[in-house]
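Q: Below, each chain spelled out in residue letters.
There are 2 protein chains.
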Amino acid sequence: MTDRSLPTDPKPYYEAHVFVCTNDRGEGAKRPSCARRGSEKLRDYMKAQARAAGLANVRINASGCLDRCELGCTIAIYPEGVWYHYDTRADLDEIIETHLKQGKRVERLMLTTEQEELRPEQLAEAAE
Amino acid sequence: MTDRSLPTDPKPYYEAHVFVCTNDRGEGAKRPSCARRGSEKLRDYMKAQARAAGLANVRINASGCLDRCELGCTIAIYPEGVWYHYDTRADLDEIIETHLKQGKRVERLMLTTEQEELRPEQLAEAAE
Numbered sequence: 022m023t024d025r026s027l028p029t030d031p032k033p034y035y036e037a038h039v040f041v042c043t044n045d046r047g048e049g050a051k052r053p054s055c056a057r058r059g060s061e062k063l064r065d066y067m068k069a070q071a072r073a074a075g076l077a078n079v080r081i082n083a084s085g086c087l088d089r090c091e092l093g094c095t096i097a098i099y100p101e102g103v104w105y106h107y108d109t110r111a112d113l114d115e116i117i118e119t120h121l122k123q124g125k126r127v128e129r130l131m132l133t134t135e136q137e138e139l140r141p142e143q144l145a146e147a148a149e
Numbered sequence: 022m023t024d025r026s027l028p029t030d031p032k033p034y035y036e037a038h039v040f041v042c043t044n045d046r047g048e049g050a051k052r053p054s055c056a057r058r059g060s061e062k063l064r065d066y067m068k069a070q071a072r073a074a075g076l077a078n079v080r081i082n083a084s085g086c087l088d089r090c091e092l093g094c095t096i097a098i099y100p101e102g103v104w105y106h107y108d109t110r111a112d113l114d115e116i117i118e119t120h121l122k123q124g125k126r127v128e129r130l131m132l133t134t135e136q137e138e139l140r141p142e143q144l145a146e147a148a149e
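So the protein lines, in turn, are chains A and B.
With our numbering as the guide, the letters of the first sequence map in order to residues 22 to 149.
With our numbering as the guide, the letters of the second sequence map in order to residues 22 to 149.
Derived by calculation from the structure, the hints in this document are not laboratory data.
Just so you know, not all the hints are guaranteed correct.
One copy or any two copies: either way a pair holds, since identical chains are not told apart in the list.
[Claimed, not checked] No more than 25 Å apart at the CA atoms, straight line, and that leaves these computed lysine-lysine pairs for DSS-like:
#, residue 1, residue 2
1, LYS122, LYS32
2, LYS51, LYS32
3, LYS32, LYS125
4, LYS122, LYS68
5, LYS68, LYS51
6, LYS62, LYS122
7, LYS68, LYS125
8, LYS51, LYS122
9, LYS125, LYS51
10, LYS32, LYS62
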């Protein structure tokens with residue numbers, strides 16, 4: 022149940038539905054885009070890892086532009102509506118283990134509702 | 022709030038996040054795909070109509086394969102996790118008006134959790 026649910030709604034089709042932006046604006050675009058940061062391959066990786074982790078009723082979906090391009094690469098996880106920034110396979114491993122398996126949050130990578138730019142700990146260089 | 026939410030989660034970024042499958046399996050594929058039924062143009066239509074309806078914090082997103090291909094064209098609306106089949110602009114108009122604006126449901130087009138094929142009233146011919 023969510024605030025927008027009705028009592029007669031069917032039960033969820035996917036336990037968790039993860040949308041990984043794979044939008045590509047092409048070269049020279051004014052805004053960045055997730056595919057230019059490698060999100061297509063990273064989405065394939067996440068999908069394989071989620072399957073390997075036995076998350077049978079979790080869908081790792083490709084999506085078009087989620088429109089938070091300056092915070093990319095981005096992911097939105099529903100029904101909870103939690104958003105993450107990620108850069109690396111290790112980031113995705115952490116989201117799978119902590120969020121999808123344990124039901125907790127990866128605070129370092131989470132996006133807040135009003136956030137317009139990445140926090141220092143979210144920049145790719147911070148992981149190196 | 023949803024069953025999967027934590028009290029510390031940020032408030033929703035989008036009031037409603039609509040995912041319209043625009044996957045194209047190409048010619049001769051074993052399973053049908055939404056793009057082959059016109060979903061890309063229909064998604065553009067829905068996006069424009071939602072904007073025209075003044076639904077400012079609703080995102081009409083393209084998505085990859087939602088994996089309910091036999092029920093396509095398909096849409097999933099989060100956080101409530103309600104799924105619809107649609108064929109026409111009129112179907113999308115009804116979803117915008119009844120679901121997104123009024124918070125009700127378009128029963129005729131809704132997909133149930135266990136559904137594996139379209140109901141008679143959901144077939145395109147039923148609308149003609």
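Q: My question is about LYS122 and LYS32: at a cut-off of 25 Å on alpha-carbon distance, are they close within one copy, between copies, both, or neither?
A: Both: 20 Å inside a copy, 22 Å across copies.
Q: Reference check for the pair LYS68 and LYS51, CA-CA at most 25 Å: within, between, both, or neither?
A: between (30 Å within a copy, 22 Å between copies)
Q: When no copy is specified for LYS51 and LYS122, does a C-alpha distance of 25 Å or less occur within a copy, between copies, both, or neither?
A: Result: close neither inside a copy nor across copies, 37 Å intra and 33 Å inter.
Q: Checking an output row: LYS68 and LYS125, CA cutoff 25 Å. Within, between, both or neither?
A: Cα proximity of LYS68 and LYS125: one copy only (19 Å, versus 33 Å across).
Q: Pop the pair LYS122 and LYS68 into one bin, within, between, both or neither, using alpha-carbon distances up to 25 Å.
A: Result: close within a single copy only, 14 Å intra versus 34 Å inter.
Q: Are the CA atoms of LYS51 and LYS32 at most 25 Å apart within a copy, between copies, both, or neither?
A: Classified as neither: same-chain Cα gap 41 Å, cross-chain 28 Å, threshold 25 Å.
Q: Is it within, between, both, or neither for LYS125 and LYS51, if the alpha carbons may be no more than 25 Å apart?
A: The answer is neither: 35 Å in one copy and 39 Å across copies each exceed 25 Å.
Q: Given identical chains, is LYS62 near LYS122, meaning Cα to Cα at most 25 Å, within a copy, between copies, both, or neither?
A: Result: close within a single copy only, 22 Å intra versus 37 Å inter.
Q: One pair to classify: LYS32 and LYS62, alpha carbons no more than 25 Å apart. Within, between, both, or neither?
A: Cα proximity of LYS32 and LYS62: none, with 31 Å in one copy and 30 Å across.
Q: Under a CA distance limit of 25 Å, which applies to LYS32 and LYS125: within one copy, between copies, both, or neither?
A: both (22 Å within a copy, 16 Å between copies)
Checked against the numbered hints above, the structure violates hints 2, 8, 9, 10; every other hint is satisfied.
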